[in-house]
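Undergrad: If you number the sequence shown the way this note's numbering does, the last residue is 570 and the count never jumps.
Keep in mind that the hints were calculated from the coordinates and are not lab data.
Since this is a predicted model, take the numbers as computed values, not measurements.
Virtual Cβ for every residue (Gly too), placed ideally from N, Cα, C.
Check each hint, because a few of them may be wrong.
Unchecked claim - Capping the alpha-carbon separation at 30 Å, the derived lysine-lysine pairs in DSS-like fashion look like this:
| hint | residue 1 | residue 2 |
| --- | --- | --- |
| 1 | Lys-388 | Lys-354 |
| 2 | Lys-322 | Lys-488 |
| 3 | Lys-354 | Lys-484 |
| 4 | Lys-166 | Lys-124 |
| 5 | Lys-359 | Lys-333 |
| 6 | Lys-139 | Lys-85 |
| 7 | Lys-323 | Lys-85 |
| 8 | Lys-471 | Lys-484 |
| 9 | Lys-270 | Lys-193 |
| 10 | Lys-193 | Lys-323 |
| 11 | Lys-124 | Lys-323 |
Claimed, not checked - Cβ-Cβ distance ranges computed for the label pairs, FRET-style:
| hint | residue 1 | residue 2 | range |
| --- | --- | --- | --- |
| 12 | Arg-441 | Trp-390 | 18 to 24 Å |
| 13 | Lys-85 | Arg-238 | 33 to 39 Å |
| 14 | Arg-147 | Arg-111 | 22 to 28 Å |
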Amino acid sequence: MAKAGRYTTPLADVERIDAAELFSLSGGQREAVRAARPRLIVMGLAFAMLYGVLVIRSVGLTIFDHQIVAARTHNVAVQKIERAKLTDRNGVLLASSLETYSAYITRANVRDVNRLAVQLSAIKGLASEDILRARLEGKRGQARIGRRLTPAIRDAIFSLGLPGVKFEAEQTRYYPRGRFAAHILGWVNADGKGAAGVERGLEGDLKSGVADTFALSIDARVQFALERELQTAMDEFRPEAAIGIVTNVRTGEVLAMAGQPDFNPNAPGKYSPRERRNRAATDRYELGSVFKPITLAMGFDLGLVSPDDMLDVVRPLIVNTKKINDMHRSRHKMSVTEVLVESSNKGAAIIALKVGGEKQRQYLADFGLLDEAKIELRESARPYMSSKQWRDVKTATIGYGHGLTVTPLAFVQAMGAIANGGKLIPLTLQARPDDYQPEGRQVISPEAARTVLDIMRQVVTRGTGKNAQVKGYDIAGKTGSAEKLDGKTGRYAKDRNISSFIAVFPARDPQFLVFIVLDEPKGDARTSGWETAGWNAAPVTGRVISRVGPILLPKGKRTQRITHMADAVQ
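Between the sequences and the hints, there should be enough to build the whole structure, so can you do that?
TA: Okay, here's the thing in structure tokens:
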């Protein structure tokens, strides 16, 4: 029974034996316990030492393994940053992230600054000896050797065997096509955040981790053609800047957008703000006569005028003491159609006054011209009006594109409504599926939009836009030439113009829009000295259409067959 009781005693009860119980033992038992005590102490110490060795061994192995991993990775601290790739609508890669490294050295480990600066500057890709010396002599605990270093540069630094060197892995944004689509893409700053373009506008989407690739709406082939023609225009007409936009008027997708001058997003710091600026989104212009189709659309939509109505543009037109003139004095009345074909300021002002200031303002708001273009570009600017008072003179001058400055993107969005049957569809830089049905707001009736397009077609066939004609294509268009406002004098400069041309094609079944803006183009013998849009922006637009038309339109959608297809896309 004693044996059974001994082995059935719970462990908890054994642990609760206290000193009082110990001293209650018999004399012989107490002597046995005293004799065994030294042996128990020695055994306890032995077990404690063995346990300590095992713990130290375990920790040592962990530290040793960590050191091995650190050595294998060259002391790299990994910083995981995920950013989706950017492609065009057809999968052409436009931006991706590469693993690069930042290198630092603990200044306390640097014994000879000059010698180390010489050693490091000898590695191709690092800063000069003077710059490195200045960094090494700094007051911070760690000196930066370099950022965005390739694996080859990292290995070259590591091979020097310098104590106190640390590498941090980071993601560097890389644009494999250099300047291509630079103003659309923007760039990523040193902290890995989008600083401009879609890199900034789509920051949340690109870093969400939902997808590793993000398709933009642009078509690389169309973008390339547009950029080439803008560069040619810069060489040919020597403007301060050139802007171009191509859109799908049915979906609102931007197929191409470019500006000159431009920059390389791989090294944005090497370029001035003037070169990095996306003028299509940030710069506001009084666009002049290219605005007149919107004025006619208002008049047609309200039923105030019809294409054959005659307007008296012979007599002087004075509104609130301001005299409104045409570039070429007319000796006869003009129909509403002729007002657009011959680009009469007086005629457009008369129609605007018929519409009235209140309704004009409402239409402008409906067309999106009193707000920034709704697009994935944070830099998109709001329009500007010189005066908040909406007097008759403002109504009249806005009628022919003065008194209201808008961005090219905002204007393209508005004209898209005239092209697609009267529906305002927000622009987008995100690729849409083929069956995409965009939401839009009806701004004018389909009949009013169709009437404006029919007259714009005549602008190209027999009016100021004849130089935009392209064999095989129905093109509707309008020229715009506006004197620039001198910021210093507050007056319009007669020798500084904004020239532009808006084109829609095919005119009978509108699908695409092209808008070209030249900021201060120069005239020469080829243009007979003229600096107006019919001589520069119109032919540039025609050349763009001749190149992108074969890409965008199947043969059956053209009015005539193009016999030299290869020439059209060169």
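Undergrad: Now, for every hint given, state plainly whether the structure supports it.
TA: Quick rundown of the hints versus the structure:
1. Straight-line distance between C-alpha atoms of Lys-388 and Lys-354 comes to about 20 Å, which keeps the hinted pair within the 30 Å bound.
2. Of the pairs offered as hints, the one joining Lys-322 and Lys-488 holds, with about 21 Å between alpha carbons and a cut-off of 30 Å not exceeded.
3. Of the pairs offered as hints, the one joining Lys-354 and Lys-484 holds, with about 27 Å between alpha carbons and a cut-off of 30 Å not exceeded.
4. Distance check on the hinted pair: Lys-166 and Lys-124 sit about 19 Å apart at the alpha-carbon level, within 30 Å; holds.
5. The hinted pair formed by Lys-359 and Lys-333 meets the criterion: a straight-line CA distance of about 26 Å does not exceed 30 Å.
6. Of the pairs offered as hints, the one joining Lys-139 and Lys-85 is violated, with about 39 Å between alpha carbons and a cut-off of 30 Å exceeded.
7. For the given pair, Lys-323 sits about 56 Å from Lys-85 by alpha-carbon distance, which is inconsistent with the 30 Å threshold.
8. Taking the CA atoms of Lys-471 and Lys-484, the gap is about 33 Å. The hint is violated against a cut of 30 Å.
9. At roughly 18 Å between alpha-carbon atoms, Lys-270 and Lys-193 fall within 30 Å of each other, so this suggested pair holds.
10. A C-alpha spacing of about 52 Å is found between Lys-193 and Lys-323, which places the hinted pair above 30 Å, so the restraint is violated.
11. Between Lys-124 and Lys-323, the direct Cα distance comes to roughly 67 Å. Violation of the 30 Å bound is thereby established for this hinted pair.
12. For Arg-441 and Trp-390, the hinted distance range of 18 to 24 Å is satisfied, since their beta carbons lie about 23 Å from each other.
13. Taken as a hint, the range 33 to 39 Å holds for the pair Lys-85 and Arg-238, whose Cβ atoms sit roughly 38 Å apart.
14. Checked against the given bound of 22 to 28 Å, the beta carbons of Arg-147 and Arg-111, roughly 24 Å apart, stay inside it.
In terms of the numbered hints stated before, the structure departs from hints 6, 7, 8, 10, 11, listed from lowest to highest.
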